[in-house]
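Peer 1: Now for the letters of each chain:
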Amino acid sequence: MLNKKPVKLLAVPALLWLGLLFVLPMLLIALLSFFKRGTYGQVVYEFTLNNYIRIWDPLYGQIFGDTLVVAILTTLLSIVCGYPLAYYISRLEKSSQQIWLLLVMIPFWINFLVRSYAWVIILRSQGVVNTILQSLGLITEPLPLLYNSGSVLLGMVYTLLPFMVLPIYVSLEQMDRRKLEAAYDLGATPWKAFWHVTLPMTKTGVVTGSILVFVSSIGMFVVPDVMGGAKSALIGNVIQNQFLSARDWPFGSALSIVLMLLSMLLILLYFRAVKAGEAKEGAA
Amino acid sequence: MKTIIHLDSIEKSFHGSIVVPSFSLSIEEGEFLTLLGPSGCGKTTLLRMIAGFEEPTSGEIFLDGKPLTHVPPYQRDMNMVFQQYALFPHMTVEQNILFGLKMKKVSAAEQKKRLEEVLQYVQLTELRKRTPKQLSGGQQQRVAIARAIINNPRVLLLDEPLGALDYQLRKSLQLELKNLQKNLGITFIYVTHDQEEAMAMSDRIAVMNKGLIEQIASPAEIYNHPQTLFVATFIGENNIFRENGTNTAVRPEKIKLYQPQTEPEKHRKQGTITDAVFLGNLRKVYIRLDGQDMTVMAHQYAGDGLDWKVGDRVALGWAQTDEVILTC
Amino acid sequence: MKTWRRHTLTGYSWLMLVFLYLPISILMLYSFNDSRINATWSGFTWKWYVSLFDNRQVMQALMNSLSIGVISSVLATVLGTAASLAIKHYSLRWRTIVNGLIYLPIVIPEIMMGLALLVLFSQAHIELGKWTLIMAHVTFSMPYVMVIISGRLADMGKELEEAAQDLGATPWGTLRHVTLPLIMPGIIAGFLMSFTLSLDDFIISFFVAGPNSTTLPLYIYGLVKRGVSPEVNALSTLLIVSTVLLVIIAELFRRKDSKNGQIHF
Numbered sequence: 001m002l003n004k005k006p007v008k009l010l011a012v013p014a015l016l017w018l019g020l021l022f023v024l025p026m027l028l029i030a031l032l033s034f035f036k037r038g039t040y041g042q043v044v045y046e047f048t049l050n051n052y053i054r055i056w057d058p059l060y061g062q063i064f065g066d067t068l069v070v071a072i073l074t075t076l077l078s079i080v081c082g083y084p085l086a087y088y089i090s091r092l093e094k095s096s097q098q099i100w101l102l103l104v105m106i107p108f109w110i111n112f113l114v115r116s117y118a119w120v121i122i123l124r125s126q127g128v129v130n131t132i133l134q135s136l137g138l139i140t141e142p143l144p145l146l147y148n149s150g151s152v153l154l155g156m157v158y159t160l161l162p163f164m165v166l167p168i169y170v171s172l173e174q175m176d177r178r179k180l181e182a183a184y185d186l187g188a189t190p191w192k193a194f195w196h197v198t199l200p201m202t203k204t205g206v207v208t209g210s211i212l213v214f215v216s217s218i219g220m221f222v223v224p225d226v227m228g229g230a231k232s233a234l235i236g237n238v239i240q241n242q243f244l245s246a247r248d249w250p251f252g253s254a255l256s257i258v259l260m261l262l263s264m265l266l267i268l269l270y271f272r273a274v275k276a277g278e279a280k281e282g283a284a
Numbered sequence: 285m286k287t288i289i290h291l292d293s294i295e296k297s298f299h300g301s302i303v304v305p306s307f308s309l310s311i312e313e314g315e316f317l318t319l320l321g322p323s324g325c326g327k328t329t330l331l332r333m334i335a336g337f338e339e340p341t342s343g344e345i346f347l348d349g350k351p352l353t354h355v356p357p358y359q360r361d362m363n364m365v366f367q368q369y370a371l372f373p374h375m376t377v378e379q380n381i382l383f384g385l386k387m388k389k390v391s392a393a394e395q396k397k398r399l400e401e402v403l404q405y406v407q408l409t410e411l412r413k414r415t416p417k418q419l420s421g422g423q424q425q426r427v428a429i430a431r432a433i434i435n436n437p438r439v440l441l442l443d444e445p446l447g448a449l450d451y452q453l454r455k456s457l458q459l460e461l462k463n464l465q466k467n468l469g470i471t472f473i474y475v476t477h478d479q480e481e482a483m484a485m486s487d488r489i490a491v492m493n494k495g496l497i498e499q500i501a502s503p504a505e506i507y508n509h510p511q512t513l514f515v516a517t518f519i520g521e522n523n524i525f526r527e528n529g530t531n532t533a534v535r536p537e538k539i540k541l542y543q544p545q546t547e548p549e550k551h552r553k554q555g556t557i558t559d560a561v562f563l564g565n566l567r568k569v570y571i572r573l574d575g576q577d578m579t580v581m582a583h584q585y586a587g588d589g590l591d592w593k594v595g596d597r598v599a600l601g602w603a604q605t606d607e608v609i610l611t612c
Numbered sequence: 613m614k615t616w617r618r619h620t621l622t623g624y625s626w627l628m629l630v631f632l633y634l635p636i637s638i639l640m641l642y643s644f645n646d647s648r649i650n651a652t653w654s655g656f657t658w659k660w661y662v663s664l665f666d667n668r669q670v671m672q673a674l675m676n677s678l679s680i681g682v683i684s685s686v687l688a689t690v691l692g693t694a695a696s697l698a699i700k701h702y703s704l705r706w707r708t709i710v711n712g713l714i715y716l717p718i719v720i721p722e723i724m725m726g727l728a729l730l731v732l733f734s735q736a737h738i739e740l741g742k743w744t745l746i747m748a749h750v751t752f753s754m755p756y757v758m759v760i761i762s763g764r765l766a767d768m769g770k771e772l773e774e775a776a777q778d779l780g781a782t783p784w785g786t787l788r789h790v791t792l793p794l795i796m797p798g799i800i801a802g803f804l805m806s807f808t809l810s811l812d813d814f815i816i817s818f819f820v821a822g823p824n825s826t827t828l829p830l831y832i833y834g835l836v837k838r839g840v841s842p843e844v845n846a847l848s849t850l851l852i853v854s855t856v857l858l859v860i861i862a863e864l865f866r867r868k869d870s871k872n873g874q875i876h877f
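Protein chains in written order, with my numbering: chain A, 1 to 284; chain B, 285 to 612; chain C, 613 to 877.
It is possible that part of the hints are untrue.
[Said to hold, decoys possible] Interface residues of chain C toward chain A, partial, derived using beta-carbon atoms under 10 angstroms:
| hint | residue |
| --- | --- |
| 1 | 634 |
| 2 | 638 |
| 3 | 662 |
| 4 | 706 |
[What the hints assert, rightly or not] Derived contacts from chain C toward chain B, CB cut-off under 7 angstroms, selection only:
| hint | residue |
| --- | --- |
| 5 | 767 |
| 6 | 774 |
| 7 | 777 |
| 8 | 778 |
| 9 | 779 |
| 10 | 781 |
| 11 | 782 |
No lab work stands behind these hints, which were simulated from the structure alone. Just so you know, even glycine gets a beta-carbon here, dropped at the ideal spot from N, CA and C.
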């Protein structure tokens with residue numbers, strides 16, 4: 001198959017590259033998670049399940065739980081913020097659509113460290129909001145706007161929103177408008193038409209967007225690191241810490257493997273739920 | 285006449301399902317052969333196999349007696365005019381036309397000479413510096429033809445080359461193409477789903493259906509003596525009488541209508557007129573046959589002085605020689 | 613259609629746009645604020661930018677970022693273009709498998725790729741530094757290059773390549789005279805995108821950088837951890853402006869002569 005046309009061999013360097021620098025390292029951390037940590041932070045090549053047993057410690061359970069809650073909330077809020085925006089863009093004229101899409105896309109390319117930092121300027125105790133409120137005499141003491149779970153959530157939605165808007169826009173664009181017209185023709189109110197026609201037909205966009213947002217937020221450590229307090233550490237921060245400060249690489253690997261499996265499992269469940277919903281609708 | 289292309293037991297299947305069942309075909313030098321059939325009948329696949337873009341699953345294609353199957357498209361002495369022309373958008377008209385000669389490393393002087401000739405021939409001399417985007421559909425089509433014929437191919441393959449143009453332009457280009465083929469003496473293999481186009485241009489027509497060639501013959505032969513039910517109904521209009529397991533076809537213009545009492549010896553069927561459409565030079569009359577679930581079309585000259593009205597009782601007749609017995 | 617419904621939607625959408633841009637704009641604005649300490653505006657100044665250019669560490673980080681960006685995006689573009697050209701000719705089944713492998717790095721959490729590469733480099737005893745950063749950057753930006761170029765190739769269809777072959781061009785002649793010139797805008801867009809990704813990357817670089825290979829985002833992170841300062845504002849502003857310019861230019865190239873101009877990402 002591959003030797004018939006020489007042009008087909010052009011993919012070999014890229015595939016080798018990804019094999020060596022992506023697949024191999026992924027397998028390595030999977031392997032590493034079954035080894036022990038030495039006294040000086042080195043890896044001791046002895047098989048153990050201890051790293052996985054340690055994850056059952058309620059401390060980590062709590063952090064995993066927090067991470068999931070933040071990721072799910074981020075996803076839901078992104079849908080709420082992103083869907084109407086995507087809907088609005090898809091109803092514009094072609095030329096304005098291109099401009100709006102570019103405007104939504106640009107922040108996505110800006111470094112998220114910088115974007116989280118921008119919120120620090122606004123929300124910190126001597127920040128823009130507190131300074132304005134104080135000069136207006138509305139408050140005397142600065143409000144604690146930063147370094148809590150709320151600010152982490154805000155930062156997450158802010159950085160990941162474009163991931164939600166673009167796929168929803170694409171599915172709205174691909175939607176067959178005639179079905180919507182048919183619904184109006186049959187006397188559906190705009191809300192009913194939206195609920196029974198538009199929303200089901202753009203489900204793929206919502207699913208794609210949700211997966212992108214969810215996957216990105218579940219491993220996020222920059223936003224909590226910059227905008228969160230000591231109590232709002234997420235699993236990403238714990239993993240980062242295991243690798244760079246605690247130097248317990250086997251445990252860090254185990255944590256990240258669990259994180260990956262967990263996110264895959266949740267994505268799978270989400271797909272199932274959407275599919276089941278479709279089947280139910282089809283039967284009705 | 286000498287055979288230029290011979291297809292020997294060619295068969296093509298995609299993912300295990302047969303698209304073109306095994307068949308053989310000889311194409312003669314200098315002829316204008318049309319592959320005619322509805323979309324999805326395998327005619328484009330057949331053309332692409334001849335061009336070398338698809339490999340037959342089994343069988344062999346010969347050009348001048350030499351097997352072609354393992355010869356890549358760029359070494360085959362034939363050229364193709366694509367459905368959407370496939371002009372290179374990043375090149376001018378001139379660069380497009382010269383592409384083939386450049387690839388074959390023809391000398392610069394020869395390139396120039398042939399370019400001028402061809403540009404003149406297709407009347408594109410003034411547009412030579414334009415890009416395809418700046419041309420109309422008809423002009424683009426001429427560039428596509430110029431780009432192919434400048435290489436003096438043995439065979440020119442044309443894949444619905446007029447399909448993207450409007451009706452008027454198509455009509456005039458049909459004649460142009462036919463003249464071009466006569467003057468150049470190149471073998472044309474032409475794919476179309478438009479029977480009128482096929483009739484107007486071809487020396488022979490191969491009518492294809494579901495990957496099979498149903499009949500291959502001159503346009504007159506195809507029209508007057510269709511061999512199969514598909515050919516009889518696909519080409520022009522036809523009345524099919526099914527009697528005792530055989531199908532007999534009679535063209536509407538061969539059917540003569542009689543008033544019930546005149547010339548009774550020529551009557552074959554009786555019926556009632558259900559519809560009559562006046563079209564200027566002729567009337568299309570639809571007759572419901574007595575005791576049969578069948579409506580017959582009969583084209584009557586408008587100048588015969590007879591007036592056919594809906595509800596009239598009529599008799600139908602035709603000459604024995606106008607009947608075509610269909611083999612399948 | 614009720615107009616209030618449309619007005620609400622319009623208002624909401626503009627609000628979202630403000631939400632996306634206000635923080636960045638404030639950050640940029642404050643990079644010109646004369647006051648070091650607090651959020652009150654005390655006059656326009658360029659001095660924070662001037663001090664950046666006097667700062668040897670900043671200049672070093674900038675040079676690192678630029679050289680890593682250029683080398684990694686050239687590599688990513690060459691590898692990605694070659695692979696896209698090949699994958700187009702694969703059968704559907706192989707294409708699905710290979711595409712799966714190629715797009716996986718886009719959907720895996722970045723932190724995992726970063727730490728996996730750290731583990732690989734340390735196990736292979738490769739010293740962390742510029743070259744490990746370059747290798748990492750190629751790995752995460754190549755899939756994006758391929759998304760863009762594959763889109764362009766799909767847009768082009770196969771007819772033009774067939775026409776070239778029909779006119780006597782060998783596969784390599786077709787590549788050189790027809791395919792490459794036609795996908796060139798996509799290649800340039802892919803290059804610019806991967807340069808932007810490299811310039812911007814923090815998470816993966818964080819794991820695989822060595823002590824002497826600090827990039828701009830890593831340097832900014834060090835400053836951010838110490839608190840808000842006008843120098844960070846200025847540096848961030850420079851990073852934002854260059855990113856925005858690069859993205860817009862890349863977008864223009866990607867849409868150039870493209871049939872549908874659809875957003876792929």
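Peer 1: Compare the structure with the hints numbered earlier in the document and write down the numbers of the violated ones, lowest to highest.
Peer 2: 3 and 5
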